[in-house]
Structure formats: C-alpha cells, structure tokens
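**Student:** The listed protein sequences correspond, in order, to chains A and B.
Residue numbering for the first sequence follows my numbering, starting at 1 and increasing by one per position.
Residue numbering for the second sequence follows my numbering, starting at 324 and increasing by one per position.
Please keep in mind that the hints were generated in silico from the structure rather than gathered at the bench.
One thing to keep in mind: the hints can contain errors.
List time: in silico DSSO-like cross-link candidates among lysine-lysine, alpha-carbon distance up to 27 Å [claimed, not checked]:
| hint | chain 1 | residue 1 | chain 2 | residue 2 |
| --- | --- | --- | --- | --- |
| 1 | B | Lys586 | A | Lys286 |
| 2 | B | Lys542 | B | Lys512 |
| 3 | A | Lys32 | B | Lys562 |
| 4 | B | Lys343 | B | Lys573 |
| 5 | A | Lys44 | B | Lys562 |
Remember, predicted model here, so these are calculated numbers, not experimental data.
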Amino acid sequence: MGNVLTFIEYSDSALRGSALSAIAAGRQLAEKHGGEVVALLVGKGAKAAAAEAQKVAKKVVVVDDARLEHGLAETYAPIFARVAKEQGATAVVAVADNLGKDLLPRVAALLDAGMASDVSAIVSKDTFKRPILAGNAIATVQIGTPIVVITARQSEFRPVVPGAPEGQVIEAAAGDIDARGAEFVGIHVTRSARPELTDAKIIVSGGRGMKSAENFKFVEELADTMGAAVGASRAATDAGFAPADYQVGQTGKVVAPDLYWAIAISGAIQHLAGMKGSKTIVCLNKDPEAPIFQVADYGLVADWTKALPEIVDAIKKLKASQR
Amino acid sequence: MKILVTLKRVPDPEMRPKIKGTTLDLTGVNWVMNTFDEYAVETALRLNEKADSAEKLGEIVILSIGPKEVATQMRNALAMGADRGIRVDAQDVDLDSDSVARIVAAVVGREKPDLLLMGKQAVDGDANQVPQIAAALLGWPQATFAAAVELAPDGKSVIVGREVDAGLETKKVALPAVISADLRVIQPKAVKNGKTPESHTYSEGPRYASIKGITAARKKEIKDLTVAELGVALAPKVKWLAVEAPPARKAGIKVADVAELLKRLHEEAKVL
Chain A
1 MGNVLTFIEY
11 SDSALRGSAL
21 SAIAAGRQLA
31 EKHGGEVVAL
41 LVGKGAKAAA
51 AEAQKVAKKV
61 VVVDDARLEH
71 GLAETYAPIF
81 ARVAKEQGAT
91 AVVAVADNLG
101 KDLLPRVAAL
111 LDAGMASDVS
121 AIVSKDTFKR
131 PILAGNAIAT
141 VQIGTPIVVI
151 TARQSEFRPV
161 VPGAPEGQVI
171 EAAAGDIDAR
181 GAEFVGIHVT
191 RSARPELTDA
201 KIIVSGGRGM
211 KSAENFKFVE
221 ELADTMGAAV
231 GASRAATDAG
241 FAPADYQVGQ
251 TGKVVAPDLY
261 WAIAISGAIQ
271 HLAGMKGSKT
281 IVCLNKDPEA
291 PIFQVADYGL
301 VADWTKALPE
311 IVDAIKKLKA
321 SQR
Chain B
324 MKILVTLKRV
334 PDPEMRPKIK
344 GTTLDLTGVN
354 WVMNTFDEYA
364 VETALRLNEK
374 ADSAEKLGEI
384 VILSIGPKEV
394 ATQMRNALAM
404 GADRGIRVDA
414 QDVDLDSDSV
424 ARIVAAVVGR
434 EKPDLLLMGK
444 QAVDGDANQV
454 PQIAAALLGW
464 PQATFAAAVE
474 LAPDGKSVIV
484 GREVDAGLET
494 KKVALPAVIS
504 ADLRVIQPKA
514 VKNGKTPESH
524 TYSEGPRYAS
534 IKGITAARKK
544 EIKDLTVAEL
554 GVALAPKVKW
564 LAVEAPPARK
574 AGIKVADVAE
584 LLKRLHEEAK
594 VL
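In isolation and in its complexed conformation, chain B is listed as follows:
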C-alpha cells in the first residue's frame, strides 16, 4: 500500500513557550517532529512492513509544509524507515488549517496514495482540523483519533478503533481514506497488517532510527515543491491576532492532615 504521511515541526512541547508582547517568541526554540505525526509515521511503518523481515509491503512518502529547515525532521522520519519526502515551501504564518488541507489534497492528487495518515493534531496550534478538512476536500472517508488500525484481509479497507466520547468505536473505511493517529496507536499490538505474525509484539512508542537507517536517510530523496506548482492559491480563512499567557491560578496551601483538609473543603471552599 502507498501511504502519504504528513509531518509538521513544532516547538518542543516539553519547553514552556515564551510570549513577547502579543506574539510567541520562537527564538532559540528546539524544533521537533510533532508527536502525533511521529505516531502516524510509526503506524505507517507497521502497516507497510513484515516485522522481523526486510520485506516491504509498499511505499511511505513523508509530506511536510514548511521552511527548508523542516528537512531535519523529515530526515528523522526517513531514518525511521520512510522512503522519500516532499517538502512544500511555506511559512507557518501564511497558513491556516484550511490552506494546509488544500496543499495536502493537492499533493494527494499528484501522488495518489491509498492512505493519507496524519497526526490528529499539531501540538502547537492544537486545532485538530486538517485531516477532517482534507478528507472533505478529497471526498474520502475519515477515521479520526485512531487508537488501533487493522488492514482488512482483502486490502481494500482499514478497520480503525477510534477513541470516542463514550468508549472505543470501530469504524471501517474503504481505501483511499484519511486516518488521524491518536496516542494509543503506538501500543505494542495496535497495528495489524495481516503479514506481520500475530505473535510479534512491537515496543511501545515510535521506533528509534538505527545507525543504518540514519545513513540510508541521507541518500533518500526530498523533493521541494512550491505552493504555486501545486496550483493552490493561499488564502487563509483564519488569522491569529494575538497570543497571551493563560490566567495564572493563585497558589494554594498545603494542609497538615486529613482533618484540616476536610474542614477547609467544608467551611472555606464550601464544596462538601
């Protein structure tokens, strides 16, 4: 199967963001692969390999939309095992979810993958929109918030375990389709392709690149494209006006014991 995986670079989510005036101060931030995109890459690799063998079951193309520096994170995905990359040159400030989805849909039109696999959201903007918008633009079915992915025996559809409000839903989507990856898709038994033996257990989490993988990634192709070459007119529908720090919670107190805790909850906070 041919899988297109999208990858965004984001400021390291472990670092507290700096706000200068009404904008985010990105000087000196450490850029990393968006967590959910890394999970999408891992999911694609598990779908397209027969584990413990060198056999590949298809091609994995990494798509990034960003400045040339994003090639660093793309190389990481190539080192994990993806086959090649496409970078569409753009700056985050000129994009919104809708324009990103349009670019993704245009690349899908060129590449014609069987599956578009994306992180459920970028952990900087937290919008959680692009996979759904792209699916709508393509007229494809969508399986968002995937916690488990299984390729149907006939290879024509994918059965996805989705985290929904009431529990875990199972949804079947005919290929081509859009899947957005959630946290639990990287659990040891979450991805099944019918080729990797049932007995195989993956390590939890996305894989690390091997030395061999890193060497191989240097020779893998990253093709640069412009938005204009894709025939997309950038017209963002949403613009960011300002960014501010969230209201701080005032520091509380430490209570001495259970008796004091209950007394304060009852008499002071009046919640019991």
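Excised from the complex, chain A in its bound form:
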C-alpha cells in the first residue's frame, strides 16, 4: 500500500496538457500500488492552479513560494523527496518532458530510489516498459527499491478528463531552500499562437528539404489551415530553419498526434523515434526511396513547392464545405 506522488505542471490557473497525462500514469500506478494519486503543484503562484488540480486528484499538495518561481532541480528535488515521504508515497511520477527529465533523477537520488525514464507502459508496481536505442527496441526494467520513480512518456498516457472538484487541497511549506549555487538568469521563450507540440492533435513538421527558414512559412501555412502545431526535423533545426524547441525526435520532443504531416523530411531513425506513435502519418517527399515512406500511412511523392500550395487550397475548400 502506498500513494503515488504525481508532479503536475501548470500555467497561471490552468493545468498544462502534460499534467493530465501525468495523472493518467499516476492513476495506473496507484492501482498497482493500492494507494491513491497525490498531485503535487510546486512554484510561485501554484495555489492558483489548485482548483483545477482538485478535479483530477483526490489529494493535491501545493507548495507555493515566491522563491520557487523557476523550476530549478536544486530547489525542487528536496521538496519532492520530502513530500513523497510525508504523503507515504511508494512511487513518484512526472512526464518525461525536459523539466521532468531534469528533476526526477535528482529526486530519485535523494530518495535512494531506482528510476525508470521515459516509461511507455506500466507492467506492474515495479516493472515498466521503456524505449531504448532511439526507439529501436523496448526494454522491460524492474526497480528493486521500496520507492520507485518514473518519468512517463506523455504520448503513451491518454490524458484524464477532469471531474468534479472534489480533491482535498493541502498547503505545504517550502521549508529551507538551498539552490546549491544555481541561479536562473533568464529564458527566451518561443512564442506561438499555435498549440504546443506535445498537446497538439495535428502536427505539421518540415525537414531539411524545405531549404530555408523563409520557406518554413509554407509549413506554417499548412499547419494554420488545420489549427495544427509546427514541428521540425533535427536537420531543419540544425540548419536554422526552425527554432530548436520545434524539434521532433529522440533528442527533441516525442509526439503522438492523431495526424502527423512530414513535409520534406527523409525520416532518419532519430526523427522516426519521436513521431512514429502518431495515429495517422502523411508524408510528402520528392524522393520515393526516403525512409519516411516506410512509416507513413499515406505518402505522396512530389516536390513540396508544387504540392504544398495545392494541399493548402484543398484543405481550405474542405474546411469551407464543412462549415
């Protein structure tokens, strides 16, 4: 019997999409541990998101402190470890985004717990499946410590649907804070009116074949006809066609939307590892031998300069007829 401490991320008073997947993984694990999900909100102003968190967890621990404005692993990890003990947790869960990946190993170390990263399936209370070798193999790993720590691959855990606000909210003090000499200096946020890559139902990604940053506007134009997020291959971000945080792939963001468009992307293993869980994959490439065709449900052999405007027109017409 033990509870599952589940870290959820928020933005102002709303929960991030990733929080709903974190709770989904937390619930699966809580069932195996015979306990309940204890959601954890941490940060400056975290209290504002408690009302939403109450709708997804029976218990919500809020640590709201001005000194926790920035997600520093040095200051967050000791709080996670302390709350885990206070709440009788036998498992700690977060999604495997960059924040979770940065934080949870540090939490595991403080709890002297074993950890499984980027978990794609929960087999039992201590056994997990996770991709290795850039997604070319799946390993089953077993954790032998009394507390288990995991990061869950967001795309593999269907977001929970919030219910009535019935959860109990507990405010906990941050306690002593020691950043160990770490200091947040600033952040350059890529602003976009489009949905976040990891939450989007439709994604349009462009590759090296787009040839320039200028041409990326054609990818964006297609995305905007469908309210889609914009992604890019590593080759495209390395070439400076798109910002680094657009990168979809093993070392970028792992996504699994309902519909994924790969435009002028060859389909390197690295990229495929980040998107092959998508429900429907469409690719557009002028090279019929490109590996992307092996994973695409629908492939069109064509030059994007010709085909992309046609697709945009056709979708606009389709959308107009659906109104």
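Position chain B against the provided structure of chain A, taking the given hints into account.
**Tutor:** Just chain B now, with coordinates in the frame of chain A:
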C-alpha cells in the same frame, strides 16, 4: 580549470540493433564513443584552450566505466586533446544509472575537478539520469541539456544555455558543478571561455584527432581502477528483464496526387 569528462562506449547508433530472444545481440557490433559524450569532450576542450594557440588553461581527465576494450574510445578522446584517462573496471550488465553515478561521484571525490562534464544521455540506454544523480550525490548544482556554455569572467561560475520545453533557458551554476551536453553545444559559437578570441569560429561538431594527437595519445596515461578501490559497493537498483522489438507500423500506401490524399484523409482516416 580541471574538467572531468565521462565517456561511455555504445553500439554504433547508425546500425539497427539485433535482438535475440529477449536480449540484445551485441556480437559483432561496432563500438563507438557515445555521441553526447563526444560533444562533452569537445566542450571541455573548447573551455580549456585558447584557440589557435598551444596555450592550455587546465586539465581534462576522461573517465570511463567499462571493460578494458573501452580504452579504444578513451584513446580517441585523448587524441582529440584530453590529458589523461581513468578506467573503472566493470561490465555494463552489473551497472545501472545509480551505480554509475556512485562510481562517478567517488572518482570526483578523488580527482576534485572544478567541472563534471557529461553527455546528457547514452544513446543505447537513453536513460538520461546519471548527470542529475551524480549532482545530487555530490550536492552540486546541475545544468542539464546544455546548448551553450560560457565561463564567467571571474572563473567561479558557468553560464549555461539550456534547452527547456518552452525555449532556451539561461542558468548560472557556481563551480564545482555538473553540466550535461546536448546537441547544439558543438555549434561554432556555443562555447566561450573568455580567452579564445570572440572572432574565432569553431567548425561545427566535435573535432577530428590530428596525426600528432593520435601519436601523443599513445603515451598518455590511462589509470585502471576497480570499483572496490573506490569504496563503492555495487548494488544496482534497476535491472533489465527483457528487450523486444518495437511494434512495427504496417506499411502504408503511396497516393497518386493531392486529390487522392485529401479524399483518403477525409473519408478513410477521418482525420480531416
């Protein structure tokens, strides 16, 4: 500055892994330096040199944990310009992230580097845990997923550009600290040490070893240690039970034109 760089050997990531029964078949694999570790070596070299001069600004020690064959990849790092190596004898099957981090922390205790520089993850296990666990064990600050590294003018801290979910974060960590290297740290202007002229532009990617470097590397020291000598008791917390091939996607179709594509997306896949 004294920098300890960790280096793991991994099966060549360009080759598709072979799975036999429920284990990885490693017979005949081509072992290479883990990509992100190679980036960490390059970052250390850029931090500790005044480019275009022979001047060295500190020592770079390469740490590997593995069988004696890993000396091959260690020599590559020494040929790139690192100064000496330490190999802790162990087999991958007896290790997990936690035990690797404990060994690394024990070597840090002996060597007392100013900076522990690591690849953000090994591209075989893809766990992405050791730098963070090592930082926790040492009580040091951590700057993971480094895309840019700049030594502060006073030499007492490092300013790191980190790839985070929303964009690029800048984090300052007082030395000693742990940095884990991400992809973009090998871009031409990503590393600054205040000594190499601002005008200097590195080639993209990790450097190749020169003939001179390769010759020099043969004479550089690689010290062998055992886990017991470091006072670490190996007790892995995580064990691998099985490895399997990922579910295959069924092959799709090629459509003739845009009209067919749209028709199928609308009527068949029902996603538009």
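**Student:** State the violated hints by number, sorted upward, taking the hints as numbered earlier in the document.
**Tutor:** Numbers 2, 5, in rising order.
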